[in-house]
Amino acid sequence: MFYVNKLRDICYRNDFYLSLLLTKDMAGSWLGAHIDGVLLHAGDVRAPADVFGDIYQVFLILGTLVGVVVIAYTLYNSYKYRAQDGAAPESVDRPSLGELPTSGGGGRKLFLSFSISAIIVLSLIGWTYTTLLYVENEPAQHEDRMDVDVVGHRFSWEFVYPNGHSATGTLRVPKNELVQLHLTSNDVFHNFGVPELRVKADAIPGQTTTAWFVGKETGEYAAHCYELCGSGHSYMDATVVVMERDAYREWYNTTSGGNETEAVKP
Amino acid sequence: MTRTKLYVGIYVVLFAFATVQALVEFAGFLESAYWEAFAAIMVLSAIKAVLVAAYYQHLRWEPRSVSYLVAGGLVAATALTGAAAFSIL
Amino acid sequence: MSSHEHGLPPKSSISRWFLTTNHKDVGILYIVTALFFLVFGGVLALLFRIELWEPGAQVLSELSYNQSVSAHGLLMVFWFISPFAFGFANYVVPLQMGAEDLAFPRLNALSYWLYLFSGLLFGVSFFQGSTFAGGWTMYAPLNVPAYIPDGALGATTAVLALVMFVASVTVSSVNFLTTMYRMRAEGLRMRDLPIFSVSILLTVWMMLFAFAALLAALMILSADHIIGTKYFVYQITQSGAVTRTVGNEAASLLWAHLFWFFGHPEVYIVFFPALGVMAETFQTFAGRRLVGRKWFILSMVLVALQSFMVWMHHMFLTNINLTIKTVFMATTIGISLPFDLMMFSLIYTLIKGKVRFKTPFLFTLGSVILFIVGGITGVFLGAVVLDYQFRGTYWVVAHFHYVMVGGATALFGGLYYWYPKMTGKMYDEFLGKVNFAMYFVGFNLLYFPMFVAWETPRRVFEYEAGLTVWHQIATIGGLLLGASFLVMFYNLFVSLWRGADAGDTPWEYATSAEWAVSSPPPMDNFPGLPSYRDGSLSFLSESAVAARLRGDGTASTDGGDPTADGGVATGTALDTATETHLETEDVEHADHASIWPFAVGLGAFLTMLGLSGVQQGTIVGTEYAALLGVGGVVTFGSLVAMTREPFHAPEAALAERFPYADVEKLKLGMWVFLASDVVLFGAFIGSHAFIRVAHGWREWHNLIPAEHVTMPGLINTYLLLTSSFLVVLAMVAAKKGSRRGTVLSLVGTLALGIGFLVNKALEWQHLFHVHSEAFPQGWDLSTNVASSTFYLTTGLHGAHVAVGLVICAYMTIRAWNGAYQGDPDAIEYFGLYWHFVDIVWLFLFPLFYIL
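Residue numbers (our numbering), protein chains in the order written: chain F, 141 to 406; chain R, 505 to 593; chain Z, 12 to 862.
Watch out, some of these pointers could steer you wrong.
Stated by the list, open to error - To give a feel for the contact side, a few chain F residues facing chain Z, derived at Cβ under 7 Å:
id, residue
1, Tyr221
2, Gly246
3, Gly247
4, Lys249
5, Phe254
6, Ser257
7, Val261
8, Gln281
9, Gly304
10, Phe329
Stated by the list, open to error - These stretches of chain F come out as covered by chain Z in the derived footprint (C-beta under 8 Å, 3 or more residues):
id, region
11, 187 to 195
12, 202 to 209
13, 266 to 272
14, 283 to 289
15, 332 to 338
Said to hold, decoys possible - Calculated cross-link-like contacts (lysine-lysine; reagent style DSSO-like; alpha-carbon spacing at most 27 Å):
id, chain 1, residue 1, chain 2, residue 2
16, Z, Lys363, Z, Lys305
17, R, Lys509, Z, Lys747
18, R, Lys509, Z, Lys678
19, F, Lys220, Z, Lys747
20, F, Lys220, Z, Lys365
21, Z, Lys444, F, Lys220
The hints are simulated quantities; they were obtained by calculation from the structure and are not laboratory data. Here the structure is a predicted model, which means the values were calculated and not measured. The beta-carbon is built from N, C-alpha and C at its ideal position, and this holds for glycine as well.
Could you put the whole structure together from the sequences, leaning on the hints where they help?
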C-alpha cells in the first residue's frame with residue numbers, strides 16, 4: 141500500500157506529466173521557473189537527491205511489476221503446456237529431425253507485447269531525459285552557487301575553497317546552498333560520490349568534471365571513492381559536513397589560503 | 505598486356521600524389537591555410553588508398569561482398585575515432 | 012590407427028589430444044579447459060566473498076583482495092564464458108551446417124593452444140610478485156607500471172596473456188567466418204542456419220571487430236609497460252608530489268574509449284551464444300518452432316550492429332559532452348528493445364508446446380528468468396540520472412552478473428543438452444535436477460542481495476555495517492552456487508562410464524543436423540554429403556554427388572551407399588568407405604594430425620613470459636632473456652614447420668557459398684583477417700587523433716622537434732609504393748609462367764622493404780639523439796605523448812612490414828625453386844597483405860610527417 145500511495149504522490153506532481161510533454165528547452169526553463177525571483181539560498185531547488193529519489197521509486201515499482209508479470213507468465217506457460225502422459229492425440233504440427241528451420245506462428249502477439257514494452261521503456265527514458273537536462277543545466281542558473289575544487293589523491297580527497305583554502309578529508313558547506321564541485325585527480329582515475337546527497341562524478345587526471353548538490357539538512361555525510369584506485373581504495377573516504385549558514389560563515393572567515401587536514405571519521 | 509599497363513599507370517599516379525602531398529607542406533600551405541591543406545592532403549591519401557585497394561588488391565573484380573567486409577572494419581574504426589574525438593570537443 | 016581417424020591416435024591416447032585438429036576434439040578441449048578456468052575464477056570469487064563476510068580486511072590483504080577481484084573478472088569474462096561457448100561452437104556448428112570440419116583445422120587447433128597457453132600465462136602472473144590488480148576494466152593510469160607497487164612484472168604478464176588470448180580469438184574469428192560462408196550444406200542458405208549457428212555467426216562478426224580494438228588497447232598498454240611509451244598516463248605522482256609530467260590529458264579517457272568500444276560488444280559476444288542455446292532448447296523441449304524466428308534473427312543482427320555504438324554509456328560520469336551523452340543514451344535504449352522481442356519470442360514458443368522439464372531446459376528456462384531480471388535492472392542504468400548514482404556500485408555488479416552469469420546458465424544448459432551427443436552417454440537426470448536446484452537457488456542468493464545492498468561501492472571490502480547481513484547471504488549463496496558445480500562435475504564424469512547409451516537423438520523434436528548422426532558423430536561427421544536441396548536433410552552418396560556435379564538433377568539421395576567410381580575403399584566399415592570417396596579430389600586420406608599448433612602455442616607462451624621481464628626498456632633478469640630467446644626460436648621454427656607440413660583440408664564438392672562463392676577460402680580468410688587489421692590500425696590511428704584533439708590539434712607540433720622532417724617519410728612512401736607495384740608484377744609474371752620475372756620482382760620487393768626499414772632505423776636513430784633546446788635529452792619513445800604515438804604507430808606498421816618481408820623471403824626462395832608458375836594464388840594473397848600495409852602507410856605518412 142505504501143508504494144501505491146507513493147506512486148500516486150509522484151504522479152500527481154505536476155512535473156511528472158509536464159516533463160513528459162514539454163520539449164527539452166521548455167522543460168528546462170519550466171523546471172527552473174519555480175526558483176526564480178528573489179532567492180537568498182537554494183533550499184527550494186530540486187536537488188539531484190530529490191530527482192533520483194522520484195525516478196528510482198517509479199522505476200522500482202514499474203520494474204518489479206513488469207518483472208513479476210513476465211516471469212509469472214513464463215512459468216505459467218511452461219507449466220500449462222507441460223508434456224503429460226496419456227494426453228489426447230493432438231493436431232499440433234511438431235518440428236521433425238532434419239527439417240529446415242521455420243517460424244512458429246504467433247507473430248501478432250509477439251509484436252503486440254514488443255510494442256507495449258517499447259512504449260514503457262521509451263516513455264520512461266523520455267521522461268528521465270528531461271530530468272537529465274535539468275540536472276546538467278541547473279547550476280548555470282545559480283550565479284550565487286558555491287564552487288569547490290575536489291582533487292583525488294591516493295588515497296584521500298582534497299577540497300579547495302573559493303578563497304584558496306585547502307582541506308583534506310572534510311568538505312564543509314552551508315545548508316541550502318547549491319554547491320558545484322569541479323573534480324580532477326592528481327594521480328589515477330577516482331570517482332567521488334556522496335550516496336546520501338546523490339552526488340557523484342569521475343575524478344580523472346588531466347580532465348575536469350562537475351557535479352552539484354544541495355545539503356538541505358545539517359549533518360555529516362560519508363563520501364567514498366567509487367573507482368578502484370589501488371591498495372587504499374576501500375579506505376578512501378571523506379566527510380561532507382553541512383552546517384548552519386551562520387556557523388559556516390563563521391568558520392569560513394577563519395580560513396585563508398592555507399592547508400588543513402581533518403581526520404577522516406572512521 | 506593491358507592489365508600491366510593499367511598497373512603502371514596507377515603506380516605513376518600514386519607516386520605523383522605522394523609528391524604533391526609533400527609539396528603542399530614545402531610550399532608552406534600548412535602555415536597559411538592549415539585546414540584546407542589538411543583536407544587536400546587527406547583526400548589525396550584517401551584516393552591513393554582506394555586506388556591500391558581497387559586495382560592492386562583488385563577489389564574491383566571481386567564480388568562486392570568482399571568490399572563490404574572491409575568497409576565494415578573501416579566503419580567501425582571511423583565510428584570509434586569520430587565519436588571519441590567528438591565526445592571531448 | 013585406422014584410416015578414418017585421419018592419422019590421429021585413438022581418443023584414449025594422451026597424444027591424440029596434442030595432435031588433433033578435428034573440430035569435435037578441439038571443441039571438447041575448449042569445454043574442459045573453460046571449465047578449469049571457471050573453477051579458477053570461481054575459487055577467487057569465493058575467496059573475496061568470504062572476505063566480505065564482515066566489513067574490513069580480515070582474510071585477504073588489501074592488494075590480494077584487489078588482485079582476486081581483478082583476476083576473477085578477467086578469468087571469467089575472457090577465459091571462461093566465451094571459450095566455453097566456443098567449445099560448443101566448435102563441436103556443433105560444423106555439424107549443424109553440414110561441414111566436415113572448419114575451413115582451417117590446424118588454425119583451429121592453434122586457436123585452442125593459444126587460448127590454453129594464454130590462460131596458463133595468466134596463472135603464472137600470480138607468481139611474479141602479484142598479478143594485475145586494477146580491476147578487469149583495467150582503467151588508466153592504474154594500469155601502468157608507475158602506479159603498480161613493487162614492480163609490474165605480474166601485471167605485464169597478465170596484459171600479455173590477454174594479448175595472446177586476443178590472438179587466439181582473431182584466428183578463431185577468421186576461421187569461423189570463412190567456414191560459415193563457404194562450407195554450408197547444399198540448400199542451406201544463411202537464413203536457414205539453425206539458431207545456435209546464427210548466434211555464433213553474429214558473435215564471431217562482433218569478435219572480429221571488437222577484439223581488434225581491444226588488441227590495439229592491449230598492445231599500447233604492453234608498450235607502456237615494456238618499452239616505456241606514455242599513452243596511458245597524464246602525470247606520475249609519488250606520495251602526493253608530481254615527479255613527472257607527461258601532458259597527456261587524454262590518457263584515462265583514451266583507455267576508457269578503447270576498452271569500452273570493445274567492452275560493450277563483448278557483453279553481446281558473451282551473451283549471444285547463450286541466446287542461441289536458449290532458442291535451440293526452447294524449440295526442442297517445447298516441441299515448437301521458434302515464434303517469429305525471422306524477427307528474432309533480425310533483432311540479433313540489429314544488436315550486433317548497434318553494439319558498436321553504445322560504448323559511452325559506460326562513461327556517463329566522465330566529462331564527455333551532453334550531446335554525445337544524449338546520442339549514446341538513445342542508442343543504449345534502442346539496443347535494449349530487440350532483447351524484449353527475443354524474450355517474448357522465447358516465451359511464446361512455449362505455447363501449445365509439450366514442455367519437458369529435462370535438465371537442459373531447466374537451465375535455459377532459469378536463464379531466461381535471470382535475464383529478465385538482468386534486463387529490467389539494466390533499463391534503470393539506461394536512465395542517465397539513475398546511472399549517475401549507480402556508477403561504481405553493487406547495482407552494476409548485480410545487474411551484469413544477472414546478465415552474464417545468467418547467460419552462462421544457458422550455456423550450462425547447453426552442456427547438458429549436447430553432452431549425450433558428445434559422449435554417447437546420458438547424464439543422470441536426477442543429479443542434473445539437483446544440480447539445477449542448487450545452482451538456481453545459489454545464484455539468486457548470491458546476486459539478488461546485491462541489489463538490496465546496492466549502495467556498497469564496487470571492489471571494496473569496507474562497507475556499511477548495516478549491509479552486513481546482505482553480504483553474508485550473498486556469501487552463502489556463492490558457496491551454494493560453487494557446490495552445485497561439484498554435483499555437475501560428478502554427474503558428467505561418472506556418466507561417462509555409467510551413463511545409459513544416448514542413441515542418436517535423445518531429445519524428441521530436435522531438428523538440427525547434429526542429431527541426425529551417431530553419438531558421438533564419426534570423424535567425418537556424416538554418412539554422405541549433407542544436402543537440404545529437397546527441403547530437408549539428406550545425405551548424398553558419392554554417385555549422387557558426381558551426378559549432381561554433372562548437372563544430373565535426378566541423382567538419388569539415399570545416402571550411405573558407397574557405389575560407383577571404384578575408389579580405394581581402405582576402411583572396413585561401410586561409412587568409412589563412403590566418406591573416403593566423398594573427398595572428391597583426394598582419394599587417399601589426408602593426415603590431420605599436427606603437433607605444430609601446440610608447438611606454436613608453447614613458443615608464444617615462452618616468448619610472452621620472457622617479454623614480461625622487459626620493463627621500460629630494460630630486461631630485469633637473464634632468465635627472461637633466455638625465455639625470450641628460446642620462445643622466439645620455438646615459435647618461429649614451429650611456424651615454418653607448420654607451413655612446410657603437408658596438410659590438406661578439402662572443400663566439399665557441393666556447398667552453399669553465398670555471398671563468397673567466387674572467393675577461394677584462403678583468400679576469404681585473408682580478407683577477413685585484413686578487415687580486423689583495419690580496425691587494429693584504425694584504433695591506433697584513432698588513439699593518436701584522440702590524444703591530439705585532447706591536447707589541441709595545432710599545438711601538437713610543439714611536442715615534436717624541428718629535426719622531425721618530411722623527407723624520410725616521403726622516401727619511405729616511394730619505397731613502399733614501388734614495392735607494392737613489384738608484388739603486382741610478380742603476380743603477373745607468375746601467371747605468365749615467367750620464373751625469372753617472378754623471382755626478380757620478389758627480390759625487388761624484398762630489397763625495397765628492407766630499404767624501408769633501414770631508412771626508418773636511420774631516421775629513428777637520428778631523432779633519438781637530437782640535441783635541441785626544446786629536446787636536450789633527445790626525442791625517444793618516452794619523451795612525450797607525441798613521440799610515443801609516432802614511434803608506436805609507425806613501429807606497429809614497421810612490424811607488419813617485417814613480417815611481410817619474412818614471408819616474402821620464403822616465397823622468393825620457393826619461386827627460385829620454380830614454385831607459383833601458372834599458379835599465382837599464393838603471391839596474390841601475400842600481395843593483399845602487402846598492399847594493405849602500403850595503404851596504412853598512405854595514411855601514416857601525412858598524419859605523422861606532414862600535418
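Results of checking the hints against the structure:
The beta carbon of Tyr221/F is positioned within 7 Å of a beta carbon in chain Z (closest approach about 4 Å), and the interface hint is therefore held. A least Cβ separation of about 4 Å between Gly246/F and chain Z falls short of the 7 Å threshold, and the interface hint therefore holds. Below 7 Å, beta-carbon pairs count as interface contacts, and Gly247/F has one with chain Z at about 5 Å; its hint therefore holds. For Lys249/F, the suggested interface contact is upheld, since its CB lies about 6 Å from the closest CB of chain Z, less than 7 Å.
About 5 Å separates the beta-carbon of Phe254/F from the nearest beta-carbon of chain Z, less than 7 Å, and the hint is met. Taken as an interface hint, Ser257/F checks out: its beta carbon lies about 4 Å from the nearest beta carbon of chain Z, inside 7 Å. Hint status for Val261/F relative to chain Z: holds, with the closest Cβ pair at about 6 Å, below 7 Å. A hinted interface residue such as Gln281/F counts as satisfied when its beta carbon comes closer than 7 Å to some beta carbon of chain Z; here the least separation is about 15 Å, so the hint is violated.
Here the hint on Gly304/F is broken, as its CB sits about 18 Å from the closest CB of chain Z, past 7 Å. The beta carbon of Phe329/F is positioned within 7 Å of a beta carbon in chain Z (closest approach about 5 Å), and the interface hint is therefore held. Remark: the region 187 to 195 of chain F is confirmed as covered by chain Z, as 4 of its residues place a Cβ nearer than 8 Å to a Cβ of that chain, reaching the required three. Judged by the Cβ-Cβ criterion of 8 Å, the region 202 to 209 of chain F is covered by chain Z as claimed, because 3 of its residues qualify and three suffice.
For a cut-off of 8 Å, the count of residues in the region 266 to 272 of chain F with a CB near a CB of chain Z stands at 4, and the three-residue condition holds. With a threshold of 8 Å between beta carbons, the proposed coverage of the region 283 to 289 of chain F by chain Z is violated, since 0 of its residues qualify and at least three are required. Residue count for the region 332 to 338 of chain F with a Cβ under 8 Å from a Cβ of chain Z: 3. That meets the three needed, and the coverage hint holds. A distance of roughly 20 Å separates the Cα atoms of Lys363/Z and Lys305/Z; the hinted pair therefore holds under the 27 Å criterion.
Taking the CA atoms of Lys509/R and Lys747/Z, the gap is about 15 Å. The hint holds against a cut of 27 Å. Proximity of Lys509/R to Lys678/Z is assessed by CA-CA distance (about 25 Å); at most 27 Å being required, the pair is judged to hold. Only pairs whose Cα atoms come within 27 Å are accepted, and Lys220/F paired with Lys747/Z is rejected, the gap being roughly 72 Å. About 9 Å separates the Cα atoms of Lys220/F and Lys365/Z, which keeps this hinted pair within 27 Å; it holds.
Between Lys444/Z and Lys220/F the CA atoms are separated by roughly 20 Å; this keeps the pair inside 27 Å, and the hint holds.
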